[in-house]
Amino acid sequence: MSLSKTWARNAEKWKQEFLVCPKQPALGSWLMIAGNGLGCKICFLAEQKTEFGRCLLTSPRQISLDRFRKHQATEVHLRSLARLVGCECCTSKLDDVVDSRDAPSFADFQRMLDMRRSGISLRKTGFCKKAACLQYCLGEALREQLRSALRSCVTIVTHADGKNKRFTMHFTAVDRDLEIIKSTFGHAWQQAAEYNPVEGYVRLVDQVLKNFCTPLASPPKAKRAPELFDRELYNLLREKHSAFNTDACKVIILAGQEVVNHLGTNPDPLFPNAVAWIKDHTHSARRRLGEVNEDVE
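Heads up: the sequence shown begins at 581 in this note's numbering, then just goes up one per residue.
Some clues are possibly wrong.
[Said to hold, decoys possible] Using 30 Å as the maximum straight-line C-alpha spacing, the simulated DSBU-like pairs for lysine-lysine come out as follows:
{"#": "1", "residue 1": "LYS595", "residue 2": "LYS710"}
{"#": "2", "residue 1": "LYS709", "residue 2": "LYS745"}
{"#": "3", "residue 1": "LYS585", "residue 2": "LYS650"}
{"#": "4", "residue 1": "LYS762", "residue 2": "LYS743"}
{"#": "5", "residue 1": "LYS603", "residue 2": "LYS629"}
{"#": "6", "residue 1": "LYS709", "residue 2": "LYS650"}
{"#": "7", "residue 1": "LYS790", "residue 2": "LYS762"}
{"#": "8", "residue 1": "LYS650", "residue 2": "LYS762"}
{"#": "9", "residue 1": "LYS629", "residue 2": "LYS595"}
{"#": "10", "residue 1": "LYS650", "residue 2": "LYS593"}
{"#": "11", "residue 1": "LYS820", "residue 2": "LYS830"}
{"#": "12", "residue 1": "LYS830", "residue 2": "LYS743"}
{"#": "13", "residue 1": "LYS762", "residue 2": "LYS710"}
{"#": "14", "residue 1": "LYS820", "residue 2": "LYS743"}
{"#": "15", "residue 1": "LYS629", "residue 2": "LYS585"}
{"#": "16", "residue 1": "LYS629", "residue 2": "LYS745"}
{"#": "17", "residue 1": "LYS859", "residue 2": "LYS762"}
{"#": "18", "residue 1": "LYS762", "residue 2": "LYS745"}
{"#": "19", "residue 1": "LYS650", "residue 2": "LYS595"}
{"#": "20", "residue 1": "LYS709", "residue 2": "LYS743"}
{"#": "21", "residue 1": "LYS830", "residue 2": "LYS745"}
{"#": "22", "residue 1": "LYS745", "residue 2": "LYS650"}
{"#": "23", "residue 1": "LYS593", "residue 2": "LYS603"}
{"#": "24", "residue 1": "LYS629", "residue 2": "LYS650"}
{"#": "25", "residue 1": "LYS820", "residue 2": "LYS859"}
{"#": "26", "residue 1": "LYS762", "residue 2": "LYS820"}
{"#": "27", "residue 1": "LYS743", "residue 2": "LYS790"}
{"#": "28", "residue 1": "LYS745", "residue 2": "LYS859"}
{"#": "29", "residue 1": "LYS830", "residue 2": "LYS790"}
{"#": "30", "residue 1": "LYS593", "residue 2": "LYS629"}
{"#": "31", "residue 1": "LYS820", "residue 2": "LYS790"}
{"#": "32", "residue 1": "LYS650", "residue 2": "LYS603"}
{"#": "33", "residue 1": "LYS595", "residue 2": "LYS585"}
{"#": "34", "residue 1": "LYS830", "residue 2": "LYS859"}
{"#": "35", "residue 1": "LYS859", "residue 2": "LYS790"}
FYI, nobody ran anything at the bench for these hints, they're computed from the structure.
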């Protein structure tokens with residue numbers, strides 16, 4: 581059945597149900613035919629770039645009462661209705677829809693936290709975009725707690741670890757009450773090729789620390805994040821570092837010596853009060869055995 585025949589059979593019934601405003605029946609229905617398609621008169625007049633606003637419903641398969649009812653309850657339609665009609669009935673419906681978009685509940689955040697602890701991928705959740713926002717909010721809340729705790733700590737020891745292309749910095753801090761805080765500063769992605777790999781790792785250490793000292797860094801769905809870098813915290817963390825631990829990778833060992841100025845060649849080291857050490861016996865043995873096997877071959 582063609583669109584014209586479907587419209588001819590159901591137009592009167594549909595127009596009675598889908599009124600512009602129930603309090604003003606004289607305004608008629610918001611359903612309309614324009615050209616070869618069916619759409620919404622209100623969204624059309626408001627120049628909304630939607631299927632209903634551009635009258636792009638051309639096939640009978642696209643037309644159903646459920647679809648009309650869903651469109652009638654959308655914020656796009658209600659906002660256009662409030663702007664064009666402006667009666668109290670129309671504006672109150674829009675207010676109800678906007679008020680319903682409140683922040684996620686405690687249960688939503690708890691569900692997100694349980695999913696991440698169980699290792700479930702965001703792509704398998706069915707609400708990837710929302711999950712990314714929830715995960716970011718949880719992570720930012722944790723980072724803010726860590727920033728507050730590190731401001732009052734006495735000493736910090738950091739362990740740097742590279743795995744594939746991801747560079748990670750873990751830390752252990754102690755406050756005046758000898759309470760221990762263990763967590764992660766963050767991650768950074770290594771470049772595919774570095775002209776000087778040691779300098780590349782030094783830049784990664786600085787990048788991870790600066791990102792940690794920047795609240796709301798790279799939020800999802802944001803075109804440009806505001807500049808919130810906390811230089812005071814950044815300098816404080818640099819001074820409170822007493823040790824920088826690396827794994828047994830030769831390049832990272834050299835980078836660790838560079839950030840603490842172990843060789844005495846850096847006039848402005850990243851961690852001026854720290855010493856560099858290696859505490860990675862398992863990986864160290866594996867790397868040494870690998871080097872021996874290469875020599876034998």
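Hints, verified against the model:
1. LYS595 with LYS710: Answer violated: LYS595 to LYS710 is near 36 Å, above 30 Å.
2. LYS709 with LYS745: holds (25 Å)
3. LYS585 with LYS650: Holds, at about 23 Å.
4. LYS762 with LYS743: Holds, at about 20 Å.
5. LYS603 with LYS629: Cα-Cα ~27 Å, so holds.
6. LYS709 with LYS650: holds (22 Å)
7. LYS790 with LYS762: The hint holds at about 19 Å.
8. LYS650 with LYS762: Roughly 49 Å between the alpha carbons, so the hint for LYS650 and LYS762 is violated.
9. LYS629 with LYS595: Judged against 30 Å, a Cα distance of about 23 Å means the pair holds.
10. LYS650 with LYS593: holds (17 Å)
11. LYS820 with LYS830: Status holds; Cα separation ~26 Å.
12. LYS830 with LYS743: OK: LYS830 and LYS743 at ~14 Å, within 30 Å.
13. LYS762 with LYS710: holds (29 Å)
14. LYS820 with LYS743: holds (26 Å)
15. LYS629 with LYS585: holds (26 Å)
16. LYS629 with LYS745: Roughly 42 Å between the alpha carbons, so the hint for LYS629 and LYS745 is violated.
17. LYS859 with LYS762: holds (17 Å)
18. LYS762 with LYS745: holds (23 Å)
19. LYS650 with LYS595: Holds - the C-alpha atoms of LYS595 and LYS650 are around 16 Å apart, at most 30 Å.
20. LYS709 with LYS743: holds (27 Å)
21. LYS830 with LYS745: holds (16 Å)
22. LYS745 with LYS650: violated (46 Å)
23. LYS593 with LYS603: Given pair LYS593, LYS603 holds - Cα atoms ~18 Å apart, limit 30 Å.
24. LYS629 with LYS650: holds (17 Å)
25. LYS820 with LYS859: holds (20 Å)
26. LYS762 with LYS820: Holds, at roughly 15 Å.
27. LYS743 with LYS790: holds (21 Å)
28. LYS745 with LYS859: holds (21 Å)
29. LYS830 with LYS790: holds (25 Å)
30. LYS593 with LYS629: Holds, at roughly 27 Å.
31. LYS820 with LYS790: holds (15 Å)
32. LYS650 with LYS603: Holds, at about 20 Å.
33. LYS595 with LYS585: holds (16 Å)
34. LYS830 with LYS859: Holds, because 13 Å separates the two Cα atoms, which is no more than 30 Å.
35. LYS859 with LYS790: At roughly 25 Å apart (the allowed maximum being 30 Å), LYS790 and LYS859 satisfy the hint.
Hint compliance for this structure: hints 1, 8, 16 and 22 are broken, all remaining hints hold.
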